[in-house]
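A.B. asks: Letter by letter, the chains look like this.
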Amino acid sequence: MSDNAKHPTPLLDELEKGPWPSFVKELKKSAEKPVIQDLLGQLERSYNEKIGHWKHGGIVGVMGYGGGVIGRYSDLPDEFPNIAHFHTMRVNQPAGWFYTSDVLRKICDIWEAHGSGITNMHGSTGDIILLGTSTPELEPTFAELTEAGFDLGGSGSDMRTPSACCGPARCEWACYDTLAACYDFTQQYQDELHRPAFPYKYKLKFAGCPNDCVASVARADMSFIGTWKDDIQVNQDEVRKYASSGKVDIQKDVCDLCPTRCMSWDGKELAIDNSECVKCMHCINVLPKALKPGKERGCTILIGAKAPIIGGALLSSVFVPFIEMEPPYSDIKELIEAIWDLWAEHGKNRERVGEFIQRVGLGNFLEQIGLEPVPEMIAHPRTNPYIFFEEELHEQA
Amino acid sequence: MSAAKRVTDIGPPHYEKFLPEVIKKNYGKWAYHEIPRPGVLKHVAESGDVLYSVRAGTPRILNIKSIRLFADLADKYSGGHLRFTSRNNVEFLVTDESKIEPLIAELKAAGYPVGGTGNAISAIVHTQGWVHCHSAATDASGVVKSLMDELFPHFENMDLPAKLRIAFACCLNMCGAVHCSDIAILGVHTKVPTIDHANLPKMCEIPTLVASCPTGAIRPATVDGAQSIHIEEHLCMYCGNCFTVCPAVKINNAKTDGLSIWVGGKVSNARTEPKFSKLVIPYLPNNPPRWPEVVQAVKHLVEVYAANARKYERMSEWVERIGWPRFFKLTGLPFTKYHIDDFRHAGETYKRSAQLKH
Chain U
1 MSDNAKHPTP LLDELEKGPW PSFVKELKKS AEKPVIQDLL GQLERSYNEK IGHWKHGGIV
61 GVMGYGGGVI GRYSDLPDEF PNIAHFHTMR VNQPAGWFYT SDVLRKICDI WEAHGSGITN
121 MHGSTGDIIL LGTSTPELEP TFAELTEAGF DLGGSGSDMR TPSACCGPAR CEWACYDTLA
181 ACYDFTQQYQ DELHRPAFPY KYKLKFAGCP NDCVASVARA DMSFIGTWKD DIQVNQDEVR
241 KYASSGKVDI QKDVCDLCPT RCMSWDGKEL AIDNSECVKC MHCINVLPKA LKPGKERGCT
301 ILIGAKAPII GGALLSSVFV PFIEMEPPYS DIKELIEAIW DLWAEHGKNR ERVGEFIQRV
361 GLGNFLEQIG LEPVPEMIAH PRTNPYIFFE EELHEQA
Chain F
398 MSAAKRVTDI GPPHYEKFLP EVIKKNYGKW AYHEIPRPGV LKHVAESGDV LYSVRAGTPR
458 ILNIKSIRLF ADLADKYSGG HLRFTSRNNV EFLVTDESKI EPLIAELKAA GYPVGGTGNA
518 ISAIVHTQGW VHCHSAATDA SGVVKSLMDE LFPHFENMDL PAKLRIAFAC CLNMCGAVHC
578 SDIAILGVHT KVPTIDHANL PKMCEIPTLV ASCPTGAIRP ATVDGAQSIH IEEHLCMYCG
638 NCFTVCPAVK INNAKTDGLS IWVGGKVSNA RTEPKFSKLV IPYLPNNPPR WPEVVQAVKH
698 LVEVYAANAR KYERMSEWVE RIGWPRFFKL TGLPFTKYHI DDFRHAGETY KRSAQLKH
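Read top to bottom, the protein sequences are chains U and F.
For the first sequence, position 27 matches number 27 in the working numbering, and the numbering has no gaps at all.
Count along the second sequence starting at 1, add 397, and that's the number in the working numbering.
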């Protein structure tokens, strides 16, 4: 195929071989398009030279929005004129990434008419990524997307596109309706999503249980991780069936691996001291037919995860140990808005909320937000005596 | 057409429009699931209804022709219903068990293998690389393709002690959030950026540039009578954040950019708490189109883990049980000064006890 292409691609052709699906094959499915020929040509050059050939994004977008389009330009526009502009459009995915064949075809038709025909399903934050178009095509693409019922996602210093696991649509472990919550918060905060007004990005991720299939604890400024308060639901017959099947050793595979050792097995009954359970999910993961999360369900809200840039990587930390997740989610929205107000006023440029909390101190942050400190928020109390005591200490005493 | 009825802020379409009947009927009422064979999840509802999800790997970069193929397959086998996973797999939502076999056959024939469930290696979460990013130290799709070709049996089989999640990011911005994966591959720069003093004042805000440096290595300076910056070279750890805010500070370097390997991160709460990945190989050469050094290193790590970990032990749990000295011994990887943290709170990573295995 490469013999007929505008630019030979011997190095990339190597990546058409092998059992894993090939991105080079994906690109070459449109080898007749000048934009793909130039994309392949520039990529082959990067493979030869071991360096990228894209310039920084400029400010491009659709009218009235400050996010959703990532400007991208080739630094070799004379050689590869068809990718001189090669902008990305982020399209807000349906919650849980569920589609029908019809709606996918609709998106494909729009992208065939206005862009390269190359996508990512999906980007790291969760959006449908439409990869590669020129500035004049942005408005027409946006018009057709909205006509089809879709809208752009976030980019830059805004609320980024929220995402959710498949939740109660296809999982018995969902402790709240992740899809409903994701949809509701996304709709509520359309302005914050489309018009960057924060110090930096703010990501929300909705995971239905502590298995956290959307990696919210690592990737979201606000992680909503489903959990429960009462007892694990146990079907003892099914436990015995697992035991007699020989596939699971209840003592070794379940009881001995429980982080708090709160389970015991006498060969007939699985006993759980639920007051010691930390809701880790291991036993439920191993025995899905026999065990289920409890009935009193909600989520733990954690705050502040991010990748290394600038002040170092952070995992989210506990912010609200347990809250019910029922529409219209008023308490949570009040909390989010209080965080945004404080962070928008006092956060530094490009300071994520996790870094902001570290700078001002979680204690001070809670005080400003109006949340009481609770021991669930910490791994352990402070070990250093450098305490900023305040006047109230003596007034209260 | 577009000018007449321009609408904004409609948000995404409601997900319910795209759910199959079996899901609408059993929403929130699933009883349990099983994995009858690799790549197939069987969810059983309290009502007794059954839903099969047939999971196929994709290269993340998808041509619309492939998406149309998926749409056609969905029409033929799953009532037009499909979804994607957080790891870029596609899942067909099948209710008729007899359609699983022919669907898998068609997917395989089209080049999309079925697997990635249970104790397997699922698709590698990754970034844009040289295909579409300005700050990439290396390509993403090419390394991922090379790795998955080699690790492929672990995608199609569920033969590992536990699930093994691999992620790839082409620079420290980590769009692929590789900081919490069982095995992470991270593109790294290793040289102080060069400064285009002639263009810097025109292209960049100097206070923003100074503030972008995590170690305070960037100082305002006058160069040839014009406002620019100076980099304290001994403070630079090549993160590239200055380049992110200022294109005139060039970090990409064809000769010295490379890849690093990290292990032992996780996001799930199962058994142990979520944790970061830790550095095990500081630098490997950037060697397209197949990155043999990276592929061999990752394959070796998978093999040592598979041979030594106990059932249900994720990479991190295995390493914590045996301890890092034994990890380096078993893997044969050299331990160097680069493995020892020297950023903020580095001391928290030092071993502060005499509890050692000799």
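Please note that the accuracy of each hint is not assured.
Claimed, not checked - DEER-style ranges, computed between Cβ atoms:
no. : chain 1 : residue 1 : chain 2 : residue 2 : range
1   : U       : D256      : F       : H742      : 45 to 55 angstroms
2   : U       : V374      : F       : K754      : 33 to 43 angstroms
3   : U       : Q251      : F       : E717      : 52 to 62 angstroms
4   : U       : L371      : F       : E670      : 19 to 29 angstroms
Don't read these hints as lab results, they were simulated from the structure.
In this text, all values refer to a predicted model and were calculated from it rather than measured experimentally.
Quick reminder that beta carbons are idealized off the backbone N, C-alpha and C, glycines included.
A.B. asks: Taking the Cβ atom of U/V374 and the Cβ atom of F/K754, is their distance within the range 33 to 43 angstroms?
C.D. replies: 38 angstroms, holds
A.B. asks: Lying within 19 to 29 angstroms: is that true of the beta-carbon distance U/L371 to F/E670?
C.D. replies: For F/E670 against U/L371, whose Cβ atoms are near 22 angstroms apart, the range 19 to 29 angstroms holds.
A.B. asks: Between U/Q251 and F/E717, is the Cβ distance one that fits in 52 to 62 angstroms?
C.D. replies: 22 angstroms, violated
A.B. asks: Just to be sure I understand the hint, the distance between the Cβ atoms of U/D256 and F/H742 should be within 45 to 55 angstroms; is that true here?
C.D. replies: 34 angstroms, violated
Consistency with the previously given hints fails for numbers 1, 3, ordered from lowest to highest.
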